[in-house]
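These protein sequence lines are chains A and B, in that order. Residue numbers for the first sequence, in the working numbering: 1 to 323. Residue numbers for the second sequence, in the working numbering: 1 to 396.
Simulated from the structure, these hints should not be mistaken for lab results. Just so we're clear, the structure is a prediction, and the values are computed from it rather than from any experiment. Hints should not be assumed to be uniformly reliable.
As the list claims (entries may be wrong) - Only pairs whose alpha carbons sit at most 30 Å apart, straight line, appear in this in silico DSS-like list of lysine-lysine: (1) Lys159/A to Lys265/B; (2) Lys193/B to Lys162/B; (3) Lys78/B to Lys137/A; (4) Lys347/B to Lys185/B; (5) Lys88/B to Lys137/A; (6) Lys199/B to Lys137/A; (7) Lys369/B to Lys295/B; (8) Lys282/B to Lys158/B; (9) Lys347/B to Lys94/B; (10) Lys296/B to Lys137/A; (11) Lys351/B to Lys158/B; (12) Lys202/B to Lys137/A.
To be verified - From chain B, some residues computed to sit far from chain A (all C-beta separations above 12 Å): (13) Glu56; (14) Thr71; (15) Ile81; (16) Lys94; (17) Glu181; (18) Glu328; (19) Met339; (20) Gln355.
What the hints assert, rightly or not - From chain B, some residues computed to sit far from chain A (all C-beta separations above 12 Å): (21) Ile52; (22) Asn135; (23) Val281; (24) Glu371.
All C-beta atoms, glycine included, are put in the ideal place defined by N, C-alpha and C.
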Amino acid sequence: MLRAAINPHEEVYTMTAAGIEVFLQTLIAGILLGGLYALIGLGMTLIMGVMKIINLAHGELMMVGMYIAYWMFVLFHIDPYLSVFIATPLLFFLGIGIQKFLINPLLKVESILPENQVILTVGVGMVLANLATMAFKSDYRSTPVSYATNAFYLGDFWKSSPIELSVSVPWSVSFLFAVAITIGLGFFLSRTDMGKSIRATAQDHDAALLMGVNVKLMRVVTFGIGSGLVGAAGCLFIPIYYLFPSLGGQFTLIAFVITILGGLGSTAGAIIGGLILGVFESMTATYVGMGWAPVGRFAIFTACLIFLPGGVASLLKKKRFSK
Amino acid sequence: MKRISLVVVLSMVVSLCATPLFAADALDLTIPLPLTGGQAKFGEMEKRSYEIAAEEINAKGGIKGKNVVLTFEDSQGKPEISRAIAEKLIDVKKQPFLVGDYSSSCSKAIAAVANERKIPYLVVTGADDAITQQNYRYVFRMNPSNAYYATGLLSYLKEVVKPTSIAILYESSDFGTSGAEDMAKQAEKMGMKVLVKEKYEKGAVDFKPVLSKVKAAKPDVIYMVSYVMDASLLMKQIKELRIDAKLFAGGAAGFAIPEFIDNAKDAADYVVTATLWSPQVKYPGAKEFADKYKKKYGDYPSYHGAEAYSALYIMKDVLERAKSMNSEDIRDAMKVTKMVTAFGPIKFEDKEGYQNQNFMDTLVLQVIKGEHETIWPLGYASKKYLYPIPTWRERR
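Same shape as in the complex, but just chain B (with noise of 0.2 Å):
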């Protein structure tokens, strides 16, 4: 906090004495993201790829001539601090646009508040689908709804798995229950039956209760929606229980990030899961960024990554593009946006009842050996998908 209380003193005294001058050097730029909290692995992730992509732009002459300076604030997972940044950034720092944020509830706080105050906000994460339903002028979401992450893995379910029944679990926020409720639906589509759907306290101790009752159903699919640890002790337990389906799928998030394996470790073994980005992806600057964060930090950035990583380059376009620095210029410049990024291209598309929404294609990854594997849409894959799938009786 103090810090922050420090940045936003310093740029009004700078902002009071020599605007012209600080504004001719340094583009300042302050991003939201979860930094404490349970979602702060996300946001650490993110806040990565932000600084891995201003580095880059920055030795490349920067945005507009300008040095891109970035500071993040922490938004610690809640919706009311982030609305409380949002408000700070656009009153007190004027900041013309906005750009940010992890979690679907946090980003739809912000989403508010932007559209009311006409500043530009570019969604980088937030999935839940009504985020771009609402017919705010001025939200832009480049990451594809929650109702298209599993796009990619329906067309794997319809292809290769043909199953006629489905369990759904989810955790009971925004992005779960959203993904949730569209998966049924694509399921029923799809003429599936939904056997079990059920909703938990993210952080629940036990899931063998409700697994039991899974494991009694039957289900061709048991598919997730979690965030990481809860998606590690689920598959650990339905291990434990040998619950056998044909598929186990996760929805993205917790089970596409390498600290899902970590945790799970063979439990997590042929586990698909729904993922808008892999590093195998073909898109220019992906593989590049892949490796840069893997030297620097370890891992392969999961998709999080690499939309924080593109978000800062749509913007960079954005800003060479808007006529000025006013956020009707910048908001009407974001509207014509037709790039790749390294995420993949970017085009914000008025349709199927969103308002500026980028719709494009998503992958299914599989745990092969320990490691995740694009295995979906045949053309993106880099191992041949492991199905069917022996039962945990067979892995011993």
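Isolated chain A (complex conformation) (with noise of 0.2 Å):
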């Protein structure tokens, strides 16, 4: 594994402590990414698994999230992940308006495509950006707390440690944050009653609504928590990146894939690819070439249409079959 490498550099990676530390380091950082990954598709899941369509506005809600932490940085010194409260429910409300308002609506008319509410999305996604980018100028921001450049390090704890590994501390609690609001998700979901009913309403929509769930609420809902979810990553990212306003579309492309990846709808699976699609960058970068992670991520996607058209939600059901 370790010396799958086509770099010419390649002494650098043979079995030794240097080569070990490299691993493990690459390995960390794609943990912790690919956890803030998983939080970012699961709200596009989410919605893809209630309403089967897929929302392509996803990054520029998390774009919206990342201004809201931003503004309330500069103006009131609230730290971004406090933001994280004050993000998520706006962006809760928002994206409740924007089913109520623009999507509902769209459900009604007779179309020929149900894509039109997908077009839809792409649409609301342009707006936003083009928004912010006269609300706020076309430049880069970011939030230079104190702590961006802080970290643990394995010497600190293990003095005679033969490698030397570091954790950085924002990287960290954006992941630990990224958990937590997953379990708190998965809490929601499957022990509430509206949890419930939103799993109902996407297992099958006409079956829920003969037992009596108000659908068209879940589905309001549903697209409320996804944009929710995709705002709290933005307070959780914008401490370790910046902002733009064209940011949202390279995040939509990630949540696509960790959506396409999970299997199309599934919560765990969504977490899962999100963990795998971290790992397979950051360890593309390091034994192939920092250049070609985003080829690893069409690579990947790719291969998973073709090999595991279900996603990992498809591996997971063979597991257990009930449900």
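Put the two chains together into one complex, using the hints given.
This is the structure:
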């Protein structure tokens, strides 16, 4: 595995302490990145599951969340991590608004294609990106928090360690937040009435309707939750990344790949899909070349469509038949 | 877009009914620049600098008695849009010469059109070597090409750092690629071993995988060619991983503007960067321009500002020497330009495979106590360079 390099400078990858250090450091980076990717993918997956449409404004909603966190930081000196509790509800209501006033009316129209709604989300995304450009200009912005470059070092805990590993403070805090939000979501979906109704709607729309589930409300709420999740992801991303109005597209793409990888609508699949993508990208960057990371993303996407059309979810289902 | 077409329509109407009167009053010049999109930061700075120059020129009687009126078209940093703007300026507006745009890719696109249509074009900031290596008769470049950006830095390496190995990280654009190729070539010539040479897609989130590879390779110098946000992410993540090298060096662009320090904070300390200009150079008008800019916009301009500012003065000089406002005459006048601007001496030469290229000394800046200071060549230095630099562990 460690020798699987096609790079000319391969002496780095031999099974030495340095080689192991590179491998472990890459793995850490991949898992941290994957956790954040999973959170981005979750929102899209949830919407996909309930409404059977891909929300292509997903990245733009994340951008809105990031702007909220940015302005909270600049104007009121609120830490981006605390903004999670501000941006998430705001985005939740924005999502509800989009579903209620834009997508629902479209459902009533006799349309030839169900894709109409997907096309609408593209439009919503473009409007959001352009509004942001008009309001905030295309400047790059970031929140220079004081702990931005702090990290935990293995050498500080274990003096005689032969290798040195570092784990970034903001990256791990973001990761832990993502995990907490994911667990919270899992709890909501499996233990509350509303969560169960959402899952029922996702599994069988007509049956849910017959059982007395308010399907229309579930749709609205789901879009709200999906938006809120990606808004939270935005707040977790800004301390480690930066912000500009047209950043949405690249994250929509990531969310899309994760949704396909996870199996179109499976939340557990999306989490695993996010982690796979994060680790895969990091490994590609180290052992093939960083310029190849986007190619790797498409490779895994295509491979998944061909060899595993059901995504990770189909593997999970094979293991336990009942769900 | 609307404003642009309005300007075009207006200028057409005006040229139809009152050409002589209009031409006598104003010299209408349209400059393509990235005013939105990822490079807007630089476009904005250049726009402001052009405007300062126009103001000064107009206050002193304009060019040949005509007031300079500037308009800007947004090329969004996209070569196809730059090309379209250039074609419009040539065909519709009948502008006899072209100036501007920011990135290498955009300048390249305009250069191709300009040469084909025999319209002189002054490249202001595009640094890709190829632009002036294609036997373009009508393309002139005032900034040194990418291969020369790092000459100052190389002499600093040779005389102070004396490294034996280097790692090169660069963005996969025209600018990044040509900068990295040139550095690799020069480094090998100096006897350095290139341990890692890795490109990345602009906008990458996580550089740590590739940086941990760099760390394991233990290079003496880490050289990066990046725009500003990638530059600060790189330095921040280098600090996180505690990668210690004898020198962290940037190849101009993102490393040389104040936003780099604002975003990278203390991770930017001791980083050196190649640059073409600094407010501390001793060319006439340089300090005045820098101070004027700072007073107006709160920050010192980087070399991009000085280039734009001086570009307008070059065109003033050229137009005043040209026999007529005919493209061919302007081209001939450009060819024999010999002047000193706030940016430095300007002379368009044909040598070493280049045509109509300006050659000049380049500088090295170092971030010292949160400010960019000129450290090399020693004759230009505003502060003594700090070398060797402390390790990350010692910095706390």
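A quick look at each hint next to the structure:
1. Lys159/A to Lys265/B: holds, 29 Å
2. Lys193/B to Lys162/B: Roughly 12 Å between the alpha carbons, so the hint for Lys193/B and Lys162/B holds.
3. Lys78/B to Lys137/A: holds, 17 Å
4. Lys347/B to Lys185/B: Distance of about 26 Å is within 30 Å: holds.
5. Lys88/B to Lys137/A: holds, 26 Å
6. Lys199/B to Lys137/A: This hinted pair holds, its Cα atoms lying about 29 Å apart.
7. Lys369/B to Lys295/B: holds, 22 Å
8. Lys282/B to Lys158/B: Holds, because 25 Å separates the two Cα atoms, which is no more than 30 Å.
9. Lys347/B to Lys94/B: This hinted pair holds, its Cα atoms lying about 27 Å apart.
10. Lys296/B to Lys137/A: holds, 19 Å
11. Lys351/B to Lys158/B: Holds, at about 25 Å.
12. Lys202/B to Lys137/A: Measuring from Cα to Cα gives roughly 20 Å; hence the hint holds.
13. Glu56: About 26 Å separates Glu56/B from the closest Cβ of chain A, which puts it past 12 Å; holds.
14. Thr71: holds, 19 Å
15. Ile81: holds, 14 Å
16. Lys94: holds, 31 Å
17. Glu181: Answer for Glu181/B: holds, closest chain A Cβ roughly 14 Å.
18. Glu328: Since the minimum Cβ distance to chain A is about 39 Å, Glu328/B lies beyond 12 Å and the statement holds.
19. Met339: At about 34 Å from chain A, Met339/B clears the 12 Å cut-off, so the statement holds.
20. Gln355: Gln355/B clear of chain A: closest Cβ-Cβ about 32 Å, beyond 12 Å.
21. Ile52: holds, 20 Å
22. Asn135: holds, 31 Å
23. Val281: holds, 27 Å
24. Glu371: Given a closest Cβ separation of 16 Å, the condition holds.
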